[in-house]
Amino acid sequence: MEEEYPRIDLREKVTGAAQYVEDLPDLPGTAYAAMLLSPYSHAQILAIDSTEAERSPGVIAVLDREHLAGLNPRLKVARHEHLKVRDDQDFIAIEKVRFDGELVAAVAAEDLRSACQAVDKIRVEYRPLTPVFDATEALQPGAPILHEERGTNLLFEDSLGWGNIEEGFRQADHVFEESYTSPSMFHHPMENIGGCLVQVINGEIDLWAPTSSPMRDASEIAHFFAVEPDKVRVRVPYVGGGFGSKTLVPSIYAAVFLSRRIRRPVRMIPSAEHSFRQNARHAAVYHAKLGVKKNGTITALDADLIVDTGAYTTGGATAVHNAVISAWGCYRIPHLRIQGRCVYTNKVPAGHTRATGKVQTTWGIECAIDSVARQMGIDPYEFRKKNVLLRDEFVATGTPRMDTDYLDLMQQAIAAIGWDGRSKPERPSDTAGTGHRWVKGRGMALSLRHGSQGGGRAYAMATMDARGEVTIQHTAPEIGQGTHNLIGIVAARALDLPQSQIRVRQPDTAVNLPFAGVSAQRTTMQMGKAVQNACVNLKRELFVLAAQVKGGNPEEWRLIQGRLCYGEVAFPIGEIIGALGGSAVIKCVGYHSVPPTHREAAFSGMDHWAPSAAALELEVNPETGEIRILRYSVIADAGKALHYPSAKAQVEGGAVMGFGHALFEETVYREGQFQNGDPFQYRLPVMKDVPEAFYASMLEKGDGPGPFGSKGMSQTSIVTVAPAIGNALYDALGARVRSLPISPEKILQAMGKI
Amino acid sequence: MKAQGTFSLSLTVNGTAWSGEVPVEETLLEFLRRRLRLTGTKRSCESEVCGACTVLVDNRALSSCNYLAFEAHGKTVLTIEGLADGEELDPLQEAFIRNIGAQCGYCTPGQIMAARALLLEEPSPSEEQIAEWLSGNICRCGAYPAIARSVLEAAEAYRKRK
Amino acid sequence: MLGSLQLLQPTTIDEACGALHELGDRAKIYAGGAELLLLMRHRLVTTEVLVNIKNIAGINRLAWDGTFLRAGACATHHALESSPVVWERAPLFADAESQVANVRVRNQGTLGGNLCFNDPHSDPGTVLLVFEASVRLASRRGERRLKLDDFLLDIYTTALEPDELLLEVQIPPLPARMHGSYLRLHRYQRPTLGVAAALKMNSGNIEQSRLAIGCVGPRPQRLVEIESKVKGTTLTDAEKIIAGQKTYLRELLRPVDDLLGSVDYKLYMSCVLLKEALHQAAQKSDLPLTDSPALRI
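Chains as they are written, first to last, in the numbering used here: chain A, 9 to 762; chain B, 14 to 175; chain C, 205 to 501.
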């Protein structure tokens, strides 16, 4: 019944009625803010002269390092459960700028045109410094240092290990070394990053912003401006995509600052070029040494990871930690050592991005597995079958046992593209002169995410009125995943009501219902459970009330299809709630707690594993290096998809973004600047890039710990695309590209043609 | 002949006539969103690349972000708000809902208007034609397979309607 | 966001030329704005006044006059890609026009605007070199006619004087029995490489060829030296000759390493696409006339 009900956010979205932050009407007296960003990637700020800008028509106030009114500009880095982080970023540049796009000044004016014109009149005198854009170079002695007080560009190290690595390599008959690099990439949500609308009323900061974590943002703003937490209210209208990027970025702090200062509402409207300079995915180098026995059994993995977080810590701790705990893939490795280093460079700071840290390691381990198998003359499919973890196997201390069936996932993935999983037995010789313009190849890749990660308790509140209508309040934004629809479905099922009787409110932190945010695959699991529990509690309250009004024991009452039943007798809900009088409602809170966090454990706060398998067929033109993806299948373990079309859309969408990461996307820094930080130069996947045969489906055994057997699964499909393409390319041409994106030029280079 | 800073604009938007003075530099996107409060048309790249601001001017798809409002003088503009007939949705809108052709929804008005322009020009497009045409409309959520399905289904619904 | 602007709307060529003469560098010709407005938003171009030439009678006309296909400066890419007379007289050009940017840009952007910007990453100029097209220009000093090859000077630079207006492009059809092909490498928003080839074959040998490459260097170029070297050769020999022309191409095209690829990659792909374009053009010579769009790489 539920799946027949249309996804609840879509009618508004297809009619243009859905409002995003920029669509909200101006508040009375709204001023417009514009930003001045640094054109340098690394420079000292010698002087800022804003006198001309302040005199510019329509200008109300200028914000720069000279106009802070005593505010401490230092932003608080999100705490990390495992790693020590230090606050290292100011919301507005003070002594130096450390990336192309750092916020140097902002202007509030009567209208946007006046604000933009005034920004052009701010004179900033810079002394350019040598930038460093490569993390490996940034670690070398003599490299330019970004944060002088640290004396090094190394932020922190993280590690994971078990067994005895020396013993592991002693047991090996063969040892292989493999390196794979991933560039920094941009989330590119269609709604630009950094916009907001803010006002201050009675000392309360009222912020409307596109964000995935309104509760966290509210507390960070309160801390930053030194006001009580109850003096910040964050509301989130529809969000035009995030993928990890929609957080509290400096421009939002600037807008709040200006609004407090001028005592008027302020609206920040970022351009696409601004958006490009607000967030990024971490670049990474994955270097692995693998020990393998003659029979193909892996004995040891020693991996070294360099994670480039850009100019400031931002998401560096999560990225390096996620990279470290995922660098071993999904294989049985008795002796393991993984070390990860987080490094500063003069790039746009990298925050969280869809499968943070794991896109990079999956690209590494899954290509390395394929490469090692082939070097040993073993079919990669057989090699994977031999080494992959099976259901109920022990994985690592502090984690659940393996809770999926990789053999089933692989089988389904290859069957979907009509492949038996076997690769071409030998490396084909150079195809020149074969007369076949396009050469086919097939490859696969597996992934393992730790599902539903961390974040503490999630809360939701359910309210039933005398009409029997239920309203769910929560702080989980609708950012594209179908969050609100999911909440509606869980509530409807928990209460046995039609979904049309459930109202899901937009997030508002004034309800004070904590939730870590719609990220890290936690929404279905954590928010789903919180909603389910709120509804279970609501039902219990309803039965108590029914027993009081009509008699019997609460345990004897049932709620069946919107009617309260006692034995054979059924009552409308309204009759029971109405007994409370006038506008009475029943209101209950529910919550979900993640497993308690062990600070010392590498894997903390995780509920389950989130695996996937992918198989891909491509053809490549050996003369031009052009790739056409013919067939792609990805199978994710969803436990149970609560709204199948939405879950499928997530899996498909992740894969499409994966095509971009694999084939086109990279932020390029050269000659001191961010070269392609604009929509014209940064290539995104378009409809023509989607394979003709594209199967995204789910394994549903109903065995997840989430509501009704579900699991977190939204990040499982993005990670497998690049290694599946890399492996299929090798299958086709015997050429291996080891750095993303896999461009035609790199393919030609790998073939020795240029 | 004297240069003018404003333009006396008369046009029809979603079936309603509008006349008034607009600054020469006002884009159609600004005109629709700020003057008429038709915020279904979205601002994103402002470079004619992403298609989020696509509207129909005399039945042709245009990037309203990079099209001066005065150019629409005497013309008919259709935006996402003008597609449904009261409560009755257009077949494209229905198909997008059915197929989850929208996720975050930000590109959706542009996708639907671009598809509308395609179906006016080619009522029975092939999958290749749809992909070719809509490759100028970016969906970062990656709903392309569902969008393509939606356009195919809507094309059929339009044909049946006639 | 665009700064404040003023608008002039001349309805005759004289009015437009007069306005350009009077306003000098305070004005810019406005022919649709697809490129101009983008550059203005990024402050790469500033101007006070837009001189909208779209109201000049006949300025968007497409017609065959018995000698030339005449395309008015304000003919949109969409008009060109969908015009029966263009498909009849210059199908290669119509096909290239159908590949310009995206459908919205084709609805707005004009041929004149495109040529006058001379953005190196553009399609029409390359193809029109193979047609040996000319442009007709007007100013208060009178009219003049220039070969397109002499009009397109350098990156974002043409022979158009500040007070001058491009009226139309005159496109002679390809000579009898000559067939063409336009191929492009299009991985990013703007094409990396465009190759136009037109061939007249005679019993398996190349009787006459016209070759042009665009997007790689500052402006599209005819490959005169290669044209003369392949004259009289078979297709197979021509392919071998092309493979040996990297130095010539490097000097002629002056490619640079950029986001679209390295110099080596661009030169390598220039040769690959040239060979393919020759091949396709030759195939068309063997076939009865068709209007099928060229294979896209």
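None of these hints come from the bench; they were simulated from the model. It cannot be assumed that every hint is accurate.
Partial pick of chain C residues on the chain A-facing surface, computed with a CB cut under 10 Å [stated by the list, open to error]: (1) H246; (2) D269; (3) D468; (4) E480.
Backbone N, C-alpha and C define an ideal beta-carbon position, used for all residues, glycine too.
Hint by hint, here is what the structure shows:
no., hint, result
1, H246, "holds, 8 Å"
2, D269, "violated, 38 Å"
3, D468, "holds, 5 Å"
4, E480, "holds, 9 Å"
Going through the hint list in order, the structure does not satisfy hint 2, though it satisfies all others.
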